[in-house]
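Numbering-wise (our numbering), the sequence shown opens with residue 25 and increments by one.
Heads up, some of the hints might be wrong.
Straight-line Cα separation of at most 30 Å, DSS-like style, residue types lysine-lysine; simulated pairs [to be verified]:
id, residue 1, residue 2
1, 166, 182
2, 81, 54
3, 54, 112
4, 112, 96
5, 99, 112
6, 96, 81
7, 211, 30
8, 128, 75
9, 203, 45
10, 128, 211
11, 128, 99
12, 210, 182
13, 182, 112
14, 185, 112
15, 128, 45
16, 45, 112
17, 185, 30
18, 75, 99
19, 54, 96
20, 211, 81
21, 128, 81
22, 99, 182
23, 166, 211
24, 210, 112
25, 74, 45
26, 128, 112
27, 166, 30
28, 99, 166
29, 30, 99
30, 128, 30
31, 211, 182
32, 45, 30
33, 96, 128
34, 81, 99
35, 54, 75
36, 166, 185
37, 74, 99
38, 166, 112
Quick caveat, the hints were computed from the structure, so don't treat them as lab data.
Bear in mind the structure is a predicted one, so any value in this text is a computation, not a measurement.
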Amino acid sequence: MVKKLKPRTIGWHEESYHYFKNFLDSLGIKYVHEVTHSICVDYWEFMENKKLAEQTKITRSRSIRTQFNHYKEQKLIQENPWSGDSFKVLNKDVVTEVRSLEPKEMRVLLREIDTSTFVGFRLYVSLWMMFDNGIRIGELLKLNEWDIDFENCEILIKDPKNGQDRMAPISEETASLLKALIENNKKIPELSCSIYRNQR
Numbered sequence: 025m026v027k028k029l030k031p032r033t034i035g036w037h038e039e040s041y042h043y044f045k046n047f048l049d050s051l052g053i054k055y056v057h058e059v060t061h062s063i064c065v066d067y068w069e070f071m072e073n074k075k076l077a078e079q080t081k082i083t084r085s086r087s088i089r090t091q092f093n094h095y096k097e098q099k100l101i102q103e104n105p106w107s108g109d110s111f112k113v114l115n116k117d118v119v120t121e122v123r124s125l126e127p128k129e130m131r132v133l134l135r136e137i138d139t140s141t142f143v144g145f146r147l148y149v150s151l152w153m154m155f156d157n158g159i160r161i162g163e164l165l166k167l168n169e170w171d172i173d174f175e176n177c178e179i180l181i182k183d184p185k186n187g188q189d190r191m192a193p194i195s196e197e198t199a200s201l202l203k204a205l206i207e208n209n210k211k212i213p214e215l216s217c218s219i220y221r222n223q224r
């Protein structure tokens, strides 16, 4: 079941299983064949009563449904209790409208940062990078000096969410800011490789 899955995905399944198992333990249920559709509905209501976000409820339930599909394939159960009309929501993507900052709002935010300090300037460059080309925080934190092609104004984004490394364009202004940040980093030995490593 877990072959070819990334460690992060395996961790997500383990976490979802942990929460569901705790719920089953509270009901005195020990075996997968004892889990009924009604119990799964009760677990969904339990998560709702816990005020969990809709996406959290769906992702946890999808993980558990996947695990029960595996149990069905292994003939440990006859039917997946997570199937049926009660869980049609699991087949839909949750769309949450998120308003992005307008350029004017971003400039106001950047003006509030004290760029005279190392931490302040690093934050300024980080926010500018995300606004410039939409790089994710996790991708930004993995960025090293040798991942930047200043001549062509491109950066190498490693281990992104889709698992495929890619080259992404950056503006000339972003390139200039990165050069300045790298020069600042050289004044702190442990920061000379990873551009966004935490200051110690």
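Taking the hints in turn, this is what the structure says about them:
{"no.": "1", "hint": "166 - 182", "verdict": "holds (7 Å)"}
{"no.": "2", "hint": "81 - 54", "verdict": "holds (22 Å)"}
{"no.": "3", "hint": "54 - 112", "verdict": "holds (27 Å)"}
{"no.": "4", "hint": "112 - 96", "verdict": "holds (19 Å)"}
{"no.": "5", "hint": "99 - 112", "verdict": "holds (24 Å)"}
{"no.": "6", "hint": "96 - 81", "verdict": "holds (22 Å)"}
{"no.": "7", "hint": "211 - 30", "verdict": "violated (37 Å)"}
{"no.": "8", "hint": "128 - 75", "verdict": "violated (35 Å)"}
{"no.": "9", "hint": "203 - 45", "verdict": "violated (51 Å)"}
{"no.": "10", "hint": "128 - 211", "verdict": "violated (33 Å)"}
{"no.": "11", "hint": "128 - 99", "verdict": "violated (59 Å)"}
{"no.": "12", "hint": "210 - 182", "verdict": "holds (23 Å)"}
{"no.": "13", "hint": "182 - 112", "verdict": "violated (35 Å)"}
{"no.": "14", "hint": "185 - 112", "verdict": "holds (26 Å)"}
{"no.": "15", "hint": "128 - 45", "verdict": "violated (49 Å)"}
{"no.": "16", "hint": "45 - 112", "verdict": "holds (22 Å)"}
{"no.": "17", "hint": "185 - 30", "verdict": "holds (11 Å)"}
{"no.": "18", "hint": "75 - 99", "verdict": "violated (35 Å)"}
{"no.": "19", "hint": "54 - 96", "verdict": "holds (17 Å)"}
{"no.": "20", "hint": "211 - 81", "verdict": "violated (47 Å)"}
{"no.": "21", "hint": "128 - 81", "verdict": "violated (36 Å)"}
{"no.": "22", "hint": "99 - 182", "verdict": "violated (40 Å)"}
{"no.": "23", "hint": "166 - 211", "verdict": "holds (20 Å)"}
{"no.": "24", "hint": "210 - 112", "verdict": "violated (54 Å)"}
{"no.": "25", "hint": "74 - 45", "verdict": "holds (16 Å)"}
{"no.": "26", "hint": "128 - 112", "verdict": "violated (42 Å)"}
{"no.": "27", "hint": "166 - 30", "verdict": "holds (18 Å)"}
{"no.": "28", "hint": "99 - 166", "verdict": "violated (43 Å)"}
{"no.": "29", "hint": "30 - 99", "verdict": "holds (26 Å)"}
{"no.": "30", "hint": "128 - 30", "verdict": "violated (39 Å)"}
{"no.": "31", "hint": "211 - 182", "verdict": "holds (26 Å)"}
{"no.": "32", "hint": "45 - 30", "verdict": "holds (22 Å)"}
{"no.": "33", "hint": "96 - 128", "verdict": "violated (55 Å)"}
{"no.": "34", "hint": "81 - 99", "verdict": "holds (27 Å)"}
{"no.": "35", "hint": "54 - 75", "verdict": "holds (26 Å)"}
{"no.": "36", "hint": "166 - 185", "verdict": "holds (13 Å)"}
{"no.": "37", "hint": "74 - 99", "verdict": "violated (33 Å)"}
{"no.": "38", "hint": "166 - 112", "verdict": "violated (38 Å)"}
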